[in-house]
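As you go down the protein sequences, you meet chains A and B in turn.
Once you know that position 619 of the first sequence is 618 in numbering that gives the first Met the number 0, the rest is easy, because the numbers rise by one and skip nothing.
Once you know that position 333 of the second sequence is 332 in numbering that gives the first Met the number 0, the rest is easy, because the numbers rise by one and skip nothing.
Read the hints as simulated data drawn from the structure, not as lab findings.
Please note that a few of the clues may not be correct.
[Unchecked claim] Here are the computed distance ranges between Cβ atoms for each label pair:
#, chain 1, residue 1, chain 2, residue 2, range
1, A, Phe24, B, Pro367, 21 to 27 Å
2, A, Ile598, B, Tyr497, 54 to 60 Å
3, A, Trp17, B, Leu19, 56 to 62 Å
4, B, Ile405, A, Ile58, 34 to 40 Å
5, A, Gly594, B, Phe51, 47 to 53 Å
6, A, Lys212, B, Val8, 51 to 57 Å
7, A, Gly594, B, Ile405, 36 to 42 Å
8, A, Glu80, B, Tyr409, 51 to 57 Å
9, B, Tyr482, A, Gly202, 23 to 29 Å
10, A, Phe24, B, Gly352, 48 to 54 Å
11, B, Phe474, A, Lys583, 41 to 47 Å
[As the list claims (entries may be wrong)] Computed far set for chain B versus chain A, every beta-carbon distance over 12 Å:
#, residue
12, Leu1
13, Arg26
14, Thr184
15, His221
16, Trp223
17, Gly260
18, Ser273
19, Tyr302
20, Lys349
21, Ile381
22, Ala399
23, Gly427
24, Ser455
Keep in mind the model is a prediction, meaning the values are calculated, not measured.
Glycine is no exception: its CB is placed at the ideal position from the N, C-alpha and C atoms.
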Amino acid sequence: MNNFITPDISNAAYYPIWCILLPVFGAFLVMIAGKRERIRQGITVLTVAVNFILLLMMINPVINGIGSGGELYKGLFFKIEYFYTYSFSFKVDPVSLLIALATNFVWLMSVIYAIGYMRGEHKRTRYDFFVLISLMMNLGVLLAGDLLTLFIFFEGMLLALYPLVIHEENESSRMAAKVYLYMGVATGLCLLAGIFLLNYFTGSLDIGTMGDKLGMLGVWKYIIAGLLILGFGGKAGIFFEHIWLPLAHPVAPSPASAILSGAVIKAGAYGIIRVVNMFYLPVMENADNWLTMSNIGYVMIWIGVLTMFLGVLSALISSNAKKMLAFHSISQMGYIVMGIGCAAYLGKDGAMGLSGALYHIINHALFKASLFLCAGAVYFRTKELDMYKLGGLWKNMPVTCVCLFIAVCGISGMPGFNGFASKTLLHHSIVEAYEHSSLYFGKPDKMLRVAEIIFMLTAGGTFASNFKLFILIFLGKNKNEEYKALKEVPFTMKISLISFSAMIIFIGLFPNLLLKYLISPGVSYLGYEPLGNGLFTGSEILRNLPGVGTVILLGGIYFVLGFKLGWFHVRVPRYLTVEYYYRKIFNGFINLCSGPVFILGERIKTAVQYIFLDFWQGEDLLENKTSWRFFDKIDTAVDNEINKISLIGKNWRFYEELEDNYSKKLDKLVDTKKYWEIFKKVDSSYEMSLDKAVYSVLGLEELRVCKIEPEKIPGEKAAPWFMKLTQEITLLDSGDISNNIALIIFTLSILIALLIGIAFFI
Amino acid sequence: MLINYIPLVIIISPAIWFLLNPFLSRRIMHNLVPVICAANFLLIMSIYPYIFSGNIIELTIFNGLDIELKFSVDSFNFFMGGISVFIWILSSVYAVEYQKQDEALGRYDTFSLLSLSGMLGIVFSGNLFTLYIFFELLTIASAVLIFHSQTQASLKAGLLYIFCGVIGGMILLLVIIATYNYTGTGDLSLIGAGLKNHPALPYIFWGYIIGFGIKAGLFPFHIWLPSAHPVAPSPASALHSGIMIKAGAYGIIKVIYNIFGKEILGNFHSAMMSCFLILVLITILFGSIIAVTQIDIKRMLAYSSISQIGCITMGAVLLSPSGLKGAFLYIFNHALIKSNLFLCAGCFIKKTGLKEIPGLRGIGRKMPVTTFCFTISALSIIGIPPLNGFASKWLLALGALEAEKIGFYYPGTGVICLVILLISSFLGLVYYSPLVIGGWFGDKDAKKLNLSAAISEEIKDGNLWMIIPIVILTFCIIFFGIYPKFPMSMVEKMTAEYF
């Protein structure tokens, strides 16, 4: 640990705040500029560019530090007293700065690209506004100094990106946006639950200072870590939380997809890095913490491996270009998560894994954004995303073609392009994990060997799938006459494509530069022993060439299987997808809401209404012929008879006579139709109301569209809610009115019991 | 001292203003109502420094009898009174335009002011008899607001409300008499430990809970709420849902912390408190689950209120300092949020004539300001930071975990509370998102379906009098979310009196 630069030491501590505030300011200027295209676009690009320069200015104080009073201060720290005992705080260390730089670069290229791309789109002001707001939120997540601040920006980012996802406003985008929002809030709540527990157990939310406190917690530390990883994993798209990615990325406009895939999901990876390293950072000698960390690391390795493999399989069989790229995002996030897992698993020696993960975060931001922008460029001209319907476009769009080729080489990990460096590191780390596992078990863990094989299979799949994209779109014959006259994309779009390609090649040619100056400080800041500076020397690259050969060979096999045997067009059964089960659960839940629970609520309501009101209003309904009077009549008649008889004398025969009389009278009375009419009336209206109830429960859709006002339906004069009550009676028993009495007596007895209970003790 | 009579003036003044009714035209009287409320607010604010320098105002009238009328204002009472009158001002400003076409303006104004008197009487009362008198006044006066629209539905709902309210009042009277018999005093601040170890304590406790629970709308007693809130005119619904159900929550907090005391309940009756807590948790889940199924906007808001009042009560029942803080802050925030939601819903209904949520697709285009305010409030009630709803949920969650530490309840209770709180947050998203998302992004759909809200060109934001209260409330929601110092300072002070 080192001392952070606070505002007392240098004004540099204010940079994070400027980084957060500037996009907000820009966003409001954008709103004012409104329909004036040039000015608005200028403001957007300028804001993001200035923000990028601000981040570049942070490099010196964060990496090299500032000396003051004989001490060296590294990293920025700034705190605003905010809420209750907590505060808004910002903390910039090498890890967050590195990811923030990559994020902001993607954003800058995306807004430049959007100048050309968004020309034909609607609601451009809204788009620009929310692009800037979401930049602010994303940087807030990365630069936050405690988990509460991080959470606030995390939720803000979710909402700010929502308008970008739903931008097209058609059925599919609305569906995708819904999944995105629900998934985001649900995982956000997991994160919040983790934060609550963390705060409760440790009393602190500072990022990276709670290892010793967490060590004591027993099973709770795993629960906390699990909740936090679930929360961040939702954004990162780890397996079983990935479902929003392949839905949301294709429907968003291409620059927004580049932002989502290149930058936003990295915020999730950043969170996972923080969570996993939270346990280890301050106390290196604590063996218990180390064990916790390697347990978590082992789980993370497998989550990563599963994610990368399933992601690439899904990518191989998809035909929509952007959907395929979204699946690749999932797969590449699997690489990153696996790297983080390896680092945690190996503890202090895990520098290889973490450098690989950090390196891959940057590289993936570059090539995936580039791929999305290239796919977007093709879509911009052809309005077609199905790659099987495209072909032979290299003549029309040479620049896009070359840029796509470079990005494809990057993602496949070809030597000379950026993916090679990070994938080599990640591969080394999984091999290292396999070799070091003998430290824990006595003999090497065979399962990690399997993980390494899956890693190679995935790399082959990535190669095959991405070259398939390139071949199908740009090589071969042109399948549509209309595409013959296509032109290259506009200038602004070309700028961002070329910049990305240049960065990919630059990093590919000088892999040590980034590693030495940006990644190693971060790795050593987190407590790992840094790698040597000259990892990627010539001989090292040569040593890795067989690996590259394996990948290409595997890719070839995939090609043969895919094209010759038609495995690229396999459709997976519904029940093997995760979406199916999510949908089941969600629909089941909604059914539960509108079914049993709703009916339970209605029942309670009707029961109470029945007790309090039915008796009173019933008279009104039955036109003074209530059953009460009916029974009264019988009673008085019987009484009269008894009086008469008792006057004459006590004789059994009289009693028999009396009974006969009584039953005759009763029959007569019952026959007087009125009684039956009343009940028929009640019955029929009860059925009507039952129908209505069934409609409102089951036929929600019908009611949603048309306006039905129950009061205004003609012919239904008497109060329908009463019928509902009779429904209750019928359900309870045989429709006998004596229930009425029973329930009233029941209520009264409760009240009296309460009274007696109290009176007794008084 | 003169200042001792201020609470009395505050309580009586709204009620006596309607005596002016015969002498002024109804229109002028109607426009005077916000002024009356504002004057009342100034009056309340004038005792703010006195209260928050640590003093308590007490006033006893009709003393010498066994039963006396006693008013007392401590910081909690002041807090409740202040927020009530504040919402009342905005609601009546809104009503200036909203109720313009109303034939029975005089009735609405009169009973709105009478309800204000009742509400203030409840929160400023110093003993149980005073509380009971104003409790009944509030029930009767606010029932007239529910009857006001005079449709079949409102008559039924109002009847149900009166029945429930009167039964609640009767039970309350019963237990008040019992309390008086045991302790020899009805004074809220003096009852204290008088009931300790008495075998009838559970009976009395449940009596209080039923009496106040009916007003608050806790789970088995909630039945009047979802039918009563939607049928009232929107400004009145805002008052009902934003303020009046808080009278029940106020009562429950007073019962737990003043009449019985948290030590007695926590140490000797934790099983009973657990039962109550379960009831409250069911309320939270039940309200939000039913709200998911609603398509009538105001009914949905009413069910949401049930869920939120459950959260407030949960904070009190947890018997932990942070929980109580959370409950206090939640009362403040929920009053702002829910009244704003009802006022916005009133705008929608007034302008489009539709009250079904799917019918309001594309409303964001026609009524941007109202929809924006609705969106902010909905996000706040879901608990999205940095809006004010988040702050109170944060405190409640802390309280839940603190309760675990204090140990009045079984271990694990706090975690269950936390989980239910988070689930209800998520359900909040599920039931608010159709309106918000459909409102902003549902333009094309609405045109396809020929919904009147999308086609009609006349639909616009309401005029200034309807917009101003909504915008002020939205500003408060954002401001107190970012800068919660002001309510928090009061909340700290109030909590310090109990812990």
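Each hint, compared with the structure:
Distance hint check for A:Phe24 and B:Pro367: the Cβ-Cβ separation is about 22 Å, which falls inside the suggested range of 21 to 27 Å. Remark: the range hint 54 to 60 Å for A:Ile598 to B:Tyr497 is contradicted by a beta-carbon distance near 41 Å. A C-beta distance of roughly 58 Å is found between A:Trp17 and B:Leu19, which places it inside the suggested range of 56 to 62 Å. Look at B:Ile405 against A:Ile58: about 49 Å separates their beta carbons, and that is not inside 34 to 40 Å.
The hinted range of 47 to 53 Å is satisfied by A:Gly594 and B:Phe51, whose Cβ atoms lie roughly 51 Å apart. Distance hint check: the CB atoms of A:Lys212 and B:Val8 are about 55 Å apart, consistent with the given range 51 to 57 Å. About 39 Å separates the C-beta atoms of A:Gly594 and B:Ile405, a value consistent with the hinted range of 36 to 42 Å. Between A:Glu80 and B:Tyr409 the beta carbons are some 37 Å apart, a value that contradicts the proposed interval 51 to 57 Å.
For B:Tyr482 paired with A:Gly202, a C-beta distance near 24 Å keeps the hint of 23 to 29 Å intact. The hinted window of 48 to 54 Å between A:Phe24 and B:Gly352 is violated, with their beta carbons roughly 41 Å apart. About 43 Å separates the C-beta atoms of B:Phe474 and A:Lys583, a value consistent with the hinted range of 41 to 47 Å. Annotated as non-interface, B:Leu1 keeps its C-beta farther than 12 Å from every C-beta of chain A; the closest such distance is 37 Å.
The claim that B:Arg26 lies off the interface holds: its Cβ sits roughly 30 Å from the closest Cβ of chain A, which is beyond the 12 Å cut-off. Residue-level check passed: B:Thr184 sits 15 Å from the nearest beta carbon of chain A, beyond 12 Å. Not every beta carbon of chain A lies more than 12 Å from that of B:His221, the smallest distance being close to 9 Å; the non-interface claim is violated. Taking the minimum C-beta to C-beta distance to chain A, about 9 Å, the non-interface status of B:Trp223 is violated against the 12 Å cut.
Remark: the non-interface label on B:Gly260 is consistent with the geometry, its nearest Cβ contact in chain A lying 19 Å away (cut-off 12 Å). Under the 12 Å C-beta cut-off, the non-interface status given to B:Ser273 relative to chain A holds; the minimum distance is some 20 Å. Listed as outside the interface, B:Tyr302 is inconsistent with that label: its C-beta sits roughly 9 Å from the nearest C-beta of chain A, within the 12 Å cut-off. Look at B:Lys349: its CB is around 16 Å from the nearest CB on chain A, clear of 12 Å, so calling it non-interface holds up.
Distance to chain A contradicts B:Ile381 as a non-interface residue, since its nearest Cβ pair spans about 8 Å, not more than 12 Å. A beta-carbon of chain A is positioned within 12 Å of the beta-carbon of B:Ala399; the least distance is around 8 Å. For B:Gly427, the shortest C-beta to C-beta distance to chain A comes to about 9 Å, within the 12 Å cut-off, and the non-interface label is violated. At roughly 14 Å, the least C-beta separation between B:Ser455 and chain A is larger than 12 Å, which holds for a residue marked as non-interface.
The structure shown violates the earlier hints numbered 2, 4, 8, 10, 15, 16, 19, 21, 22 and 23.
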